[in-house]
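First to last, the sequence lines map onto chains A and B.
Counting the first sequence from 1 gives a position; the numbering used here is that position plus 18.
Counting the second sequence from 1 gives a position; the numbering used here is that position plus 2.
Please keep in mind that the hints were generated in silico from the structure rather than gathered at the bench.
Some hints here could point you the wrong way.
Once the Cα atoms are required to be at most 27 angstroms apart in a straight line, the calculated DSS-like pairs of lysine-lysine come out as [said to hold, decoys possible]: (1) A:404 to A:330; (2) A:603 to A:663; (3) A:361 to A:404; (4) A:361 to B:85; (5) A:396 to A:458; (6) A:396 to A:330; (7) A:361 to A:396; (8) A:462 to A:404; (9) B:76 to A:361; (10) A:407 to B:4; (11) A:603 to B:85; (12) A:396 to A:407; (13) B:4 to A:404; (14) A:531 to A:616; (15) B:41 to A:361; (16) A:52 to A:23; (17) B:85 to B:4; (18) B:76 to B:10; (19) A:663 to B:44; (20) A:531 to A:603; (21) A:104 to A:216; (22) A:462 to A:396; (23) B:4 to A:616; (24) A:104 to A:52.
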Amino acid sequence: MQLYKNNAKTLLATSAVISWLLLLVYVLLNAESKLAGAGVPGVAFPFLSNLLNVVFIVSVFLFQRLHTDMLKGIDFIGYLWNLFSKAGVAAYLSVALYLVYRVYINYAEVEYTLLLHVVYQINFGLLVLFLSKAFYIWRQLLLYHKNKFLQIAWDWFELLLAATLLLTLFNFNYTSYVFLPLLALMGFYILFLCTNLKWVAYLTFNNKSRSLVLLGAILLSCYIFVRFFYNMSDNESLVIDYTDVGFLLLAMLFVGTYTLAAFLVSLFSLPTSSVFEQKSEDLLNFQRLSLSIQQGQSEAQVYDMLVESTIKASDASAAWFDIIRNSDPQVTHVLNINESQIKSIRHLLQAYNIHNMDYINNNLGRNPGFRELTLPWKSMAILPIKTSKHLSGVLYLLKDVEGGFDHETVNVLRTFTSQTTLTIENLRLVSESLQNERYKEELKIATQVQESLNPKTFPTDSWFEISTHSVAAKEVGGDFYDFLQLSESRIAIIIGDVSGKGISAAFHMAQMKGIFHGLMQQDMAPSEFMKQANSALSRCLERTSFITSSLYIIDYRMQGFMFARAGHCHTLYYNSMMDDVFYFKTDGLGLGIIRDDKRYAAHIREMYYDYNPGDVMVIYTDGIVEARSPGNEEYGEDRLQYMLKQTYHLEADDIKYAIINDVNDFTGPDNVYDDQTLLVIKFRPIQQNT
Amino acid sequence: MKITQEIKENTVIMTLDGELDASSSVILDEELSDPEIMKYAKVLVNCQDLNYISSAGLGVFISHLQRFEDAQIKLIFYNMQDKVRNVFEILGLDLLMTIVSDYEEARTIANE
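With the rest of the complex left out, here is chain A:
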């Protein structure tokens, strides 16, 4: 297609040049013979000259038609500039040429008819070039935002106009009474077409002023051509008078009328264009606001946009925006107002009880409070950004004229704020759901880690029974327990709780178990273990995290156990000899709270206790004692103690079930807020065979 066009263009250009040259030769020969043969034309073939004429016009017009088709886009100023720079200047050239000729004639003081013909012929070429260029550029603009009717109307116009070339071809005089009414009708048709100037509405204020200059220059070109050719038509010596060509007249009528119409419409729409510009900018801003969710912009960026757009939309002279964080306003986006002025206005508003509400005052001067402040502003708009339950910001706009916030402006501003509210709300929802998704995934992994880390079975031995229970809450993960057989008669048992949740808790839990297995290989006392563990954790735990833990080393041969507590829940104990249930209330600081080894050492206590057969030890995490009833009461240490009092005579498994059932009764079904871990250890009587 492109190739075809290029070929066609080359062909048309060649035929245009050849026909023009032939026309020139014809004219010169004719003029020569006119001069020689006393007014009787020697080689007069009007048909030939008309044919060449038509061929030239058709070639140039078709060439421009193809050429203009390739122009795309809505750069209207670009079109106008194209028209002026490539064709409009032709008129000025033709004037220059004619003037040079006149000066030469005056200087030489002879009528030089042949030269006049050359000038006339060149000007004719320029005229056709100008008309064709203008004609098709105007077509491009006229058909902007076209509908089917307009397209058909234009196609007919082009066809009818082309038909008028037939008049020239057959040498009819278009001014005869037969054709005159038809031409008049064409004139009306042109007037109708010239009302299609939609593109002018899309010009901004600046572009309109530039287009006025260009259109003016093009109008002047039209005038120059018309004047030149009508002046020349009086010249007796002309061989061909181009004012006789009806096609050119109509084309000029169209080009001139359309240019004039565009000029006038641009001129008169100039005062209103800033309004339309504002409207379309408002629309764009609305769109940008709603798009910001998809583009993943932050709240701060949305507020930037809001403030910028509202200031432009209302033409405010001063403004500031309060972001509400933790119910405290923070001033951002300050425009032309200082801190003390903001403060005084805020005080006054508070005094009037106008606080974070939609408020418009178009006459601040009438208010005695504002008059006293002697501020330069006369109208104010307060626009809160809030949903039914959440206030996220308040926008303050000030103008230095009275009645600055008219109904229309306020409507636009309110649309902005409601759109912002929606955007902010949606942004929050999106980030929340993303967060939730990530959270769920994390917790799933954490739960898996927790489950895989806690031992499923304890060693069964003849000298003690142990029963374990562990349930992970949906939201919190971090309980752990483990054991290590130190020697044939000694076992180390650890229980603990890592603060925090999700991946990081699971990670620290695994770390803690590593520390347990690593350090206990060296068989150290529980207090020493806590010190070393604290030192190790200090290097890797984040500042807000800590771990509570208790470590027990039970020595069957010695019939006793040693333990140390690092911030973990107190150990519940039943002493069978004294038939008493109590807590070992020892001191001990959680791990990772003090990161100074020496200072930590002062906070850890070790205890040794001789056990009796039948004694029961209950160790657990805070998920048990802090379990809550639907009425928000805590299960508590006392109730746990009471349960052991009731059940100590049972086997370890049964004691555990009794306690867990009681806790579940207390909380109600599906009400586990925190991980619950419970270990029940019951010491058996000494076996005779060991």
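Given chain A's structure and the hints, the job is docking chain B onto it.
Coordinates of chain B only, in the frame set by chain A:
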């Protein structure tokens, strides 16, 4: 969770109201991280309406403890409910932090 701040001379009185759990501890952390606070020599925390504190909430206090100590800012808790105090005690924090019974006592200790 609601946190309110009141400033009296060189003392910040922070009142905690509600449950300090993982989500509300973020707000507490923001409040305590505020550089403004470092301008005052004493921070009194009124725990009268603090009904519950989770490990995340404790973590926030723990993380700021050292910073306050370094800046020689006194951090004093008062009016603490028994069950909340129990949590502090079990963890061993009562030996690191100053927890007193009422406002008067807090003022006296702060002015020492």
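Exercise for the section: Sort out whether residue 44 of chain B lies within 27 angstroms of residue 663 of chain A, counting only the CA atoms. Expected result: violated (46 angstroms)
Exercise for the section: Could you grab the alpha-carbon distance between residue 396 of chain A and residue 407 of chain A and see if it respects the 27 angstroms cut-off? Expected result: violated (32 angstroms)
Exercise for the section: For the pair we were handed, residue 104 of chain A and residue 216 of chain A, check the Cα-Cα distance against 27 angstroms. Expected result: holds (24 angstroms)
Handout entry: Hinted pair residue 361 of chain A and residue 85 of chain B, Cα distance within 27 angstroms
Key = violated (43 angstroms)
Practice task
Take a quick look at whether residue 52 of chain A and residue 23 of chain A sit within 27 angstroms of each other, Cα to Cα.
Solution key: violated (42 angstroms)
Problem - Straight-line alpha-carbon gap residue 396 of chain A to residue 330 of chain A, limit 27 angstroms - result: holds (18 angstroms)
Handout entry: Given hint residue 396 of chain A paired with residue 462 of chain A - CA-CA distance at most 27 angstroms
Key = It is violated: about 60 angstroms lies between the C-alpha atoms, which goes past 27 angstroms.
Handout entry: 27 angstroms Cα cutoff - pair residue 4 of chain B, residue 404 of chain A
Key = holds (20 angstroms)
Practice task
Could you grab the alpha-carbon distance between residue 603 of chain A and residue 85 of chain B and see if it respects the 27 angstroms cut-off?
Solution key: holds (16 angstroms)
Practice task
Decide if the proposed pair is consistent with the structure: residue 404 of chain A and residue 330 of chain A, CA atoms, cutoff 27 angstroms inclusive.
Solution key: Holds - the C-alpha atoms of residue 330 of chain A and residue 404 of chain A are around 22 angstroms apart, at most 27 angstroms.
Exercise for the section: Mind checking the alpha carbons of residue 41 of chain B and residue 361 of chain A for me, to see if they're no more than 27 angstroms apart? Expected result: Distance of about 22 angstroms is within 27 angstroms: holds.
Problem - Straight-line alpha-carbon gap residue 85 of chain B to residue 4 of chain B, limit 27 angstroms - result: holds (19 angstroms)
The structure shown violates the earlier hints numbered 4, 5, 8, 9, 12, 16, 19, 22, 23 and 24.
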